[in-house]
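Enquirer: The opening position of the sequence shown corresponds to residue 53 in the numbering used here, with each subsequent residue numbered one higher.
Take these hints with a grain of salt, some might be off.
[To be verified] Below 20 Å or equal to it, Euclidean Cα-Cα: the simulated EDC-like pairs (lysine to aspartate or glutamate) are:
| hint | residue 1 | residue 2 |
| --- | --- | --- |
| 1 | 123 | 70 |
| 2 | 100 | 61 |
| 3 | 98 | 60 |
| 4 | 98 | 87 |
[As the list claims (entries may be wrong)] Restraint ranges, calculated between C-beta atoms of paired labels, are given here:
| hint | residue 1 | residue 2 | range |
| --- | --- | --- | --- |
| 5 | 135 | 97 | 17 to 23 Å |
| 6 | 143 | 120 | 34 to 40 Å |
| 7 | 71 | 119 | 17 to 23 Å |
These aren't lab readings, by the way, just hints derived from the structure by calculation.
Note that CB positions come from ideal geometry on N, CA and C, so glycine has one too.
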Amino acid sequence: IKAAGLTDDQIVEYSWGENTAGWTLIKAGQLRSQEARYTLTPQGAKTKVHFEITVDTSVPLPGFILKRAIKGGTESATDGLRKQVLKIKKGG
Numbered sequence: 053i054k055a056a057g058l059t060d061d062q063i064v065e066y067s068w069g070e071n072t073a074g075w076t077l078i079k080a081g082q083l084r085s086q087e088a089r090y091t092l093t094p095q096g097a098k099t100k101v102h103f104e105i106t107v108d109t110s111v112p113l114p115g116f117i118l119k120r121a122i123k124g125g126t127e128s129a130t131d132g133l134r135k136q137v138l139k140i141k142k143g144g
């Protein structure tokens, strides 16, 4: 993972539910813990996506750096979800 100029190697365990997808951090260099989850809610022909993430860093970080890192990680995760959904939608 690379976000806000910070780089970290992470091992995560994924979980899948009927309308959820998420992960739990198993091991990382910069983080003590991380929990993240997407909740998908059908709304007619569209789907509402709610993303939640909780992060505990190994070392204290200034708020502005932490916000940038979370924003970068969130954008990366959301782009990955979008690509996967489009791939499935196209039959691949």
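Enquirer: All hints, please: hold or fail.
Expert: Evaluation of the provided hints:
no., hint, result
1, 123 with 70, "violated (26 Å)"
2, 100 with 61, "violated (30 Å)"
3, 98 with 60, "violated (34 Å)"
4, 98 with 87, "violated (26 Å)"
5, 135 with 97: 17 to 23 Å, "holds (20 Å)"
6, 143 with 120: 34 to 40 Å, "holds (37 Å)"
7, 71 with 119: 17 to 23 Å, "violated (28 Å)"
When held up to the earlier numbered hints, the structure conflicts with 1, 2, 3, 4 and 7 and fits the remainder.
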